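Student: Sequence:
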Amino acid sequence: MYGVDGNGTGTLAQLLTLEEVAERLKVPKSWVYERTRRRGLDRLPHLKLGKYLRFEEAEVRDYLE
Numbered sequence: 001m002y003g004v005d006g007n008g009t010g011t012l013a014q015l016l017t018l019e020e021v022a023e024r025l026k027v028p029k030s031w032v033y034e035r036t037r038r039r040g041l042d043r044l045p046h047l048k049l050g051k052y053l054r055f056e057e058a059e060v061r062d063y064l065e
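For the sequence shown, position 25 (counting from the first letter as 1) is numbered 25 according to the working numbering, and the numbering increases by one without interruption.
Note that these hints are calculated values from the structure, not bench results. If you're wondering where the values come from, they're calculated on a predicted model, not measured in any experiment. Be aware that a few hints might be false.
Said to hold, decoys possible - Keeping only pairs whose Cα atoms sit at most 25 Å apart, straight-line, the calculated BS3-like set for lysine-lysine is:
#, residue 1, residue 2
1, K51, K29
2, K48, K26
3, K26, K51
4, K29, K48
Could you put the whole structure together from the sequences, leaning on the hints where they help?
Tutor: Take a look at the structure:
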């Protein structure tokens, strides 16, 4: 999520909302919620920020492969 760019300064990965993930994958929000609740390898990687779910764009892409 946090990396260092070529200038030696920190960068934050692009975080997506649940709605953005559902829209990009063309699935209902309930499908995304269900995948975050699963256990094991089939779980959609996510971050919890209080009551909010956020998703790293690269991790969502990797999940689909």
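Student: A separate judgement is required for each hint: does it hold in the structure or not?
Tutor: Status of the hints after comparison with the structure:
no.	hint	in the structure
1	K51 / K29	holds, 16 Å
2	K48 / K26	holds, 22 Å
3	K26 / K51	holds, 23 Å
4	K29 / K48	holds, 16 Å
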